[in-house]
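K.L.:
For the protein sequence lines, the chains are H and B, in the order given.
Position one of the first sequence corresponds to residue 816 (the numbering used here), numbered consecutively onward.
Position one of the second sequence corresponds to residue 281 (the numbering used here), numbered consecutively onward.
It cannot be assumed that every hint is accurate.
As the list claims (entries may be wrong) - Take a look, some chain B residues computed to stay more than 12 Å from chain H by CB distance:
1. Gly323
2. Val377
3. Arg497
As the list claims (entries may be wrong) - Partial list, computed: chain H residues near chain B (C-beta under 7 Å):
4. Leu821
5. Thr1107
6. Pro1187
7. Val1190
Unchecked claim - Computed beta-carbon distance windows for the label pairs:
8. B/Thr305 <-> H/Leu1618: 26 to 32 Å
9. H/Thr1107 <-> B/Arg297: 45 to 51 Å
10. H/Leu1091 <-> B/Arg430: 18 to 24 Å
11. H/Val1255 <-> B/Ala423: 54 to 60 Å
12. B/Gly308 <-> H/Thr1107: 48 to 54 Å
13. B/Val505 <-> H/Leu1091: 55 to 61 Å
14. B/Glu472 <-> H/Leu1091: 35 to 41 Å
15. H/Arg1274 <-> B/Lys321: 53 to 59 Å
16. H/Ser1211 <-> B/Gly308: 39 to 45 Å
17. H/Val1158 <-> B/Thr305: 36 to 42 Å
18. B/Thr305 <-> H/Tyr1260: 39 to 45 Å
19. H/Arg830 <-> B/Glu472: 34 to 40 Å
20. H/Val1231 <-> B/Arg297: 55 to 61 Å
If you are wondering where the hints come from, they were derived from the structure by calculation, not from laboratory data.
Ideal placement from N, C-alpha and C gives every residue a C-beta, glycine not left out.
The primary structure of each chain is shown beneath.
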Amino acid sequence: MSLAKLGLWLLRRERASGEWRVLLLALIIGVGSVSTTGFLGDRIKRAMSEQGANFLGADLLVSSPRPIETWPRHDLKTSSALEFASMVSRGDAFQLATLRAVDAAYPLRGSVRIADRPFEAGTPRPAQPPSGAVYVDQELLALLNTRVGDAVQIGEATFRIAGVVAEEPGQLGGVFGFAPRVFLRTDEVEATRVLQPGSRLTYLYQFAGEPDPLAAFSTALKPGLDSTQRLIGSREGVETLRGAFANADHYLQLTALISLLLSVAAIAIAAHRHALRHYDQAALLRCFGATTAQLRILYAAQLLTLGLLGSLLGVAVGALMQQALASLILPDAVTRLPSLGAVPVGVAVVSGLLALAGASLPALLRLIRVPPLRVLRRDLPPLPVAAWISAVFSGSALLLLIAWHAGDAKLVGIFVGALGALVAVLILLARLALVAGRGVQRISYGPLRFGLAQLLRHRFDSTLQLGAFTLALFLVALLALVRSDLVAGWRQQLPPQAPNHFLVNIAPHQQDAVAAYLSQHRLQASELYPMVRGRLVSKNGMPIADTLPPEKRDSNTLRRELNLTWTATLPANNTVLAGRWHSSPPGGNDRRASGPAKGTQAGAPLLHSDPYPREAKASAEISVESGMAERLDLAVGDTLGFQIGDQSVAARITSLRSVKWDSMQPNFFVIFAPGQLDALPASSIASVYVPPSATSVLPGFVKTFPGITVLALDKLIANIEAVFAQIIAAIQLLLGFLLAAGMAVVVATLLASLDARQQEAVLLRTLGAQRAYLAKGLWSEFIALGVLAGLLASACAEVAMALIAHRLFELPVRPHPWLWLALPAAGALLVGLSGWLTTRHITRVPPMQSIRALN
Amino acid sequence: MTPAARAQFPAAIVAARALSQRVSTADGTLAILSEVELAVKAGETLAITGASGSGKSTLLGLLAGLDQPSAGEIELLGQRLNDLDEDARARLRAGRVGFVFQSFQLLPALTALENILLPLELAGRADARERAAHWLDRVGLAARAGHTPRQLSGGEQQRVAIARAFATDPEIVFADEPTGNLDADTGARIIELLFELNDSARTTLILVTHDDALASRCQRRLHLVAGRANEAARA
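Please work from the sequences and hints to get the whole structure.
P.N.:
What follows is the structure, encoded as structure tokens:
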């Protein structure tokens, strides 16, 4: 029999031993968590790559906020679509949707799958519905409580629902997008009368053809596009989405990694105990003539086998869990995603082996260097392995793992730093809690006193168990709090009669009718703000990006069109921080709230063709929100150039304002003085408070003004909440691994102390302690441990939550009394159960049998 | 081994010259063995006796190459142990040296048969399983082949350990207090078995014991007093 075989033979004979089981279990948990995220990430990434050109629905896509009339000469296949938001209603139910009006050629690449019923895979069909019909997302069916074949209202036109959009290019479904999709025919948009001057529209032009003509066309087209228009090749399209996904993926991977690291702790403890129990075996084998090299092969074969077995089982668990995770994030994952890939299997197995090696090599090194003389002198300790070897082994294995998973040095730095700090804090807290436990122990009696004494005696173990379990409970609790608190906090913070609906896309001719309708139904509306969309392009004659340091150039404010308004009076909830408000005397901070500013005063429009004006006329004044000014290095006196449609507008910053964003009033980054934008097509926006008793007014409003978009804040928050809940449920699934890993640490440390505990139990039982007394003592110990972990986790979660609420979201800090009950209870249950299951036989084995076993 | 040393231990299977073992303690250096001289020929039986702490087990460990002496020379199976490192000494022992311990040292996860199999497998013997079964039968435990040490009495465990020691056909067997954990009757039966197997295999036997009855069965006896040897011929 070869040495490796001998090792495996010994391993098989010892398979029932507790250490192997814990080691294997910890490995399965760690690898399971890593492979869950690995599999899913890989499937989504491959789905993106495999879609390729299908992702855009074309080889080349041009998006523009206004129609493009002239194109360079080409002989490519073309298709055009128009995208806009509008209300879709049926009876009293109404919902904001993203409408895409398409021609018969759409999409040029890939396919749109249309199904007859929700949750079906559907068949590829042209995206253009039959005349008088629409295709809708299955989500919309539920929201409007309707079915395929029913009629819905869009603006002033009625359409029949002819099918459900099961799949369309560029969409992986689920999380992305708040407003469900509706496909309709381009030639039927007119009939809806939804589109108003100033409506937010996106024109999508698709091109497909051979690479050379495409490249020539693209080169010819580029110089003619302005900053509001985008040319997207199929590669860039995928890259953009992949980039966004990669960020999310990193964080999921790191969450999984925490479970793996906790598993590493459990593995290290189990491996240490395994080595401890096998010093005699190793010494005996050395007596029989085994050399260090032979022992190395023998134990390495055992470890490798366990590593492969645990990793493969972990991969199997991961394969199952990723499916659950996928269906949480993408409800139709089965039909949309490619099957499991091979790469994550390799990554997970290598992670498992690396974790196992890092965690158990120090123990193994001691094992193979055990002196043979130990067979005669049991007290002889194995040769010490230099501490630095252990540290280097474990440390470098872990760092390697983290670096590999994150693939981002900065993120690794932050992660390792944060985790290190958290572990340090937890160890400190655990120590303090144990000191407090000493006080409790003094005043307690009976089995509780015995149990607490055990906890305090195994101080190192207790600290480790407490730390691991606190970490697991803390992260689980934090996530639950983030989910419930932020959304609830946001809702609660709204003043009772704050506007809860936004009315968008109000055409100039509708303003009076809308005001009349609202006052007739006694609804309080905010001021009405005219709104045009424009992109900030220059500052003091320079392209805006050139004036910024590289790290600020990626600002969202520069990439999108801003809503620009004009008003003579400073809106309520706004405060001038620098400069002076439009045309008010120098030094005066005009904070008067005013009546509706319709902004229809006549004034000379300041439109001209130079996109980078050096100076604007003195009367062209704007007020800029202070946060935006800070992000873009803007100051009072700077001249900004905007691209509005095909017009360029320049204006000088005369004031910087703070804005109370959560006031639920229409708020703006940039407010022009009246008279500067009036010549541009504008629609208006207002907010309105609809009391719960008056919600029945809304369907009537939607019917009366079908072109006006009604944004219900409640629905918006509910939407955000739903998406949030999806993502958090996914992360919570991963945290299940974390809790399991925490339990593995508890079990591993308990196993490590099992011999000592058994000796104590034997002694106590010999001295007359009843079995029930010992059992109660054990329960007391583990429940105390779980309760302590729960209390520590509650404290950590409260502090973290307070920081998040206060710093990140500016929400009031509030305590969570239930947390202080739930977490200790959960801790008591989980630690109590795992502790009792690990140690229960101590109280059951007759003392005589225990004594013989110990000998 | 130097020619001079070889000349000094002709035909000795194990020999020691000026063997000393000292350990450092908090109170200074402690001499466990001092200047021990010994030569055991192939086939001889030697009992090392002495009070607790007299250095018996230390001497046994040194002779078997389980430890290195502070001073002096040891020769085992024709090799000077002082020149060999830990691994070379292990290689020298493989299949050629057997051990019997006071606490039996059976692996708890293995059955009686498997415990005997272990050194045979390690020595790479092709007929390992047959040999193990044969030796289990020799010690009268063929019926208990599938039992683990927990299911065996102390005497039975020591019989398995003896079978394990002889199974590889060693040239020398070291036994450390082989009856130390057994009652008198069982101990006597174990002694019988040990010597019977030793005689038939013509193995050299070096054992450490407190037990006069056991020591008296050996041809030679080395008595240790505070680490110094005093060899008495067999009474």
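K.L.:
To test your reading of the hints: which numbers does this structure violate?
P.N.:
Hints 2, 8, 9, 12, 13 and 17 are the ones this structure does not satisfy, whereas the remaining hints hold.
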